[in-house]
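Here the protein sequences come in this chain order: A and B.
Counted the way UniProt numbering counts, the first sequence spans residues 1 to 342.
Counted the way UniProt numbering counts, the second sequence spans residues 1 to 342.
Keep in mind the hints are simulated off the structure, nothing from the lab.
Treat the hints with care, as some may be off.
Repeated chains share a single entry, so a pair holds when one copy, or any two copies, can fit it.
Below are the DSBU-like pairs computed for lysine-lysine, each with C-alpha atoms no more than 30 Å apart in a straight line [unchecked claim]:
hint : residue 1 : residue 2
1    : K7        : K104
2    : K131      : K85
3    : K152      : K239
4    : K234      : K170
5    : K170      : K239
This one's a predicted model, so the numbers in the text were calculated from it and none came from an experiment.
As a plain string of letters, each chain reads:
There are 2 protein chains.
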Amino acid sequence: MQYISTKLTKCMDISSPIVVAPMAFASTASLISAVTSAGAFGFFGAGFDTSEQLVNTLRAIRRDLNVPPDAPLPVGVGFISWILKLTEGSDDPRLVRVLEVLPKAIWFAFGDDLGDYIAQVRVYDGKRNFKTLIYVIVNSIEEALRATNEWKVDALVVQGIEAGGHGGAKVPPLLQLLSAVIAAVPEDGPLILAAGGIATGAQIASLLTLGASGVVLGTRFLFTHESAYSSVRKDILVKAGLNATARGLMFDEVGRTMGWPDGIDGRAIANGIWRDHDEGLGHDERLRRFDESSARGESERLVIWAGVGVGLTDKIQSAEEVVRELHQDALQALQRTSTLLV
Amino acid sequence: MQYISTKLTKCMDISSPIVVAPMAFASTASLISAVTSAGAFGFFGAGFDTSEQLVNTLRAIRRDLNVPPDAPLPVGVGFISWILKLTEGSDDPRLVRVLEVLPKAIWFAFGDDLGDYIAQVRVYDGKRNFKTLIYVIVNSIEEALRATNEWKVDALVVQGIEAGGHGGAKVPPLLQLLSAVIAAVPEDGPLILAAGGIATGAQIASLLTLGASGVVLGTRFLFTHESAYSSVRKDILVKAGLNATARGLMFDEVGRTMGWPDGIDGRAIANGIWRDHDEGLGHDERLRRFDESSARGESERLVIWAGVGVGLTDKIQSAEEVVRELHQDALQALQRTSTLLV
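Chain A with its partners taken away, still in its complex shape (with noise of 0.2 Å):
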C-alpha cells in the first residue's frame, strides 16, 4: 500500500492520515484494534464507562495489537469534560488510570476546564518520560487559538456543523472553518485535523489539499461490524440520505444526556424525537413519548447520533476495509489532481 504522508502520519506513525473519533457507545476494542491495525489511528470514546472498564478494553486492545506491556499503547482515549467533571471529583477518577495504561493520545472536548485536565496530563507526563499527544475539538477561530497559545495542544481537531454527536450549534460548514483556522494557527503550531461529514476517500484528498494534515472521522465507523451500534440502528443508518439528520438538544433531552455546556448541541437522525419537538410538544410529554416507543421496542424513536455524511454511505463492512478502502479512495483522488497541473 503506498502512503500518505502528512504531518499527523509522521506524528502519530500512522500510514493513513486517518483519525477515528471517539464515539460513547459506539467504539469498540475490536473497532480500535482493527483500525489501528489498518494504519489509521483510533480514539476510544470514553463516555460514561468507569476507570476499571477502560482500562479493560485498553487491555483487550494491547493484547489484540500485541504491544507489549510497558511499550505505549498506539490508540486513544476521548474524555468528554463535562462528564470527567464528574467523575474525577468521585470515588472513581478516570483520566490518571488511563495515564497509566501509556495510552499514546487523549481527547479533550465540551466543557470549561479542558485547560485543568491538560495541565493534569502535562504534569503526570513531566514525572515519567513519556508525553502523552493532546487533542481537542476546536469550532471556532477563537477556541483554536485558546488550545494553540494557551493550552499547547498537539493537535485541533476542526469540527464543522456537519458533524454527529456533539459540537458547537452554531459553528460554520468544514470547508469554511478549516480555512479560517488554518489562516490563523501559526505554520509550526498544532496539527491541524479536519472533522464533520466526512464519508469519502475523495474527501479526505479534498480536505488534505486545503491544508489539513488529517481527518477525523466518526459516522463513517459505525458502518462496520465492530461498532456496537445495533443491527437495527445500522439499518437505519444505511437507509438515511443526506437531509437524514437534524441538530439540536432534543435528543439529549429525552436520552437524559444533558449536562453539555452552552452552545453545544448534537446532530443525530431527524426522527420521531426532532418531530415531536419540531411540533411543539412539551419537555414532558417529549419524554413520555420517547419512553413508550422505547418500552415498546420501536426504532422510530431510537438516539441515532450522526453526521451529514451519513447519506454518503450504504453499506456495512469490517472496519478494516473501511479504512484500506477510504485509504485507496483518497489516494486515486490525490493522483487524479496531479493531472491538473499541466
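Place chain B on chain A using the hints.
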C-alpha cells in the same frame, strides 16, 4: 502563468477553473470584462434589467474584450427563472434578445420551468450554427439527475448551503452535496462545478481534488473595485466574520423581492433585518423599520447578500487581482498536495 487544466477550462477555453456567479445588483460590465481578461469566466446577472440594458452591457463587454461583432462573446448571462417568467410574457421578452448577442453561456436558476427556457435556447440554437452552453444551479441529487437526464444541460452548479444570495433553504453543506452529486451523475455527464462559500485558492484546489471540474464564486467578487456594491456595503463585507450571515426570506420580504419558488431562500449579512425577524416582529412592522432605516440612510438594515465565505476575505482589490491571487493560491495548494504521495 501555469494553467490549471480541467474539463471546464477545456470546454470554456479559459486558463483558471474559476467562474464568477451572476449577481443581480452587483455585476457590472467592467467586472465581467476584468475576470474574463484574467482567465476566468464571468456571468452577468440579468436581475430585473430590461433587454436593452442587457444588450448594452454585453456590447460594452464586447468592446472591452475587443471581440469582433459576429464572434461569440466569451461571457455568460444568468437569469432567475421566476423573473424571466414575468418578462417573457411582457412586451420586453429578454431571452431571445440576449441570445442574439451570442453569449457563450446562459445560466438558469430558481423557477419551476427551467426546462421550458432550456428548450427555447436549444430550438433557437437549432436554427443557427452556434451552441449556447447551459448552466443550471442544483441543490440536491434529484435536481442534478433531472438536469442531467431530462434537460441535458452542459454544466451543473452544485450549490451548498454556504452560498450567498439565493439557494435551497435545506441544502446540505457543499462538501457532502458535491460528493453525492459526483457519485450520482455519470462520468460523461455535464460539467460539475462547486458553489457556495468559496473564497480562497486552497478551497478551489480542495474542490477540484474532490472531483469538481471548476468552482463558482459570487461573494468573493463583491470585494472588488468593479462590483456595483457601494463603499458602505463593501466596508460591511470587509468587517464580516464567519458567522456574519444568515439564511431566510426576511431579506426578500423587506426588499420586496418575493417571488421565489418553494424551498428557496437567501443568505445575507445578518443585520437589523434579521434581528427584527428573530425578535418575532410582524411583517408590517419589519417593513416599516426597513423603510425608515432606508429613508434615514442607515447601514444597519441594508440587504447585503453574502455567503459564509465572506468571513475569509478582508480587503477590496481589483477583479483581475482577485482572479490571479485565487489562481496562484490554488496552484500552490495543488503543488503542495503532490508532496503527500511518497
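Structure-based check of all given hints:
{"no.": "1", "hint": "K7 - K104", "verdict": "within (16 Å within a copy, 45 Å between copies)"}
{"no.": "2", "hint": "K131 - K85", "verdict": "within (23 Å within a copy, 66 Å between copies)"}
{"no.": "3", "hint": "K152 - K239", "verdict": "between (42 Å within a copy, 29 Å between copies)"}
{"no.": "4", "hint": "K234 - K170", "verdict": "both (28 Å within a copy, 25 Å between copies)"}
{"no.": "5", "hint": "K170 - K239", "verdict": "both (27 Å within a copy, 19 Å between copies)"}
In summary, the structure agrees with every hint in the numbered list given earlier.
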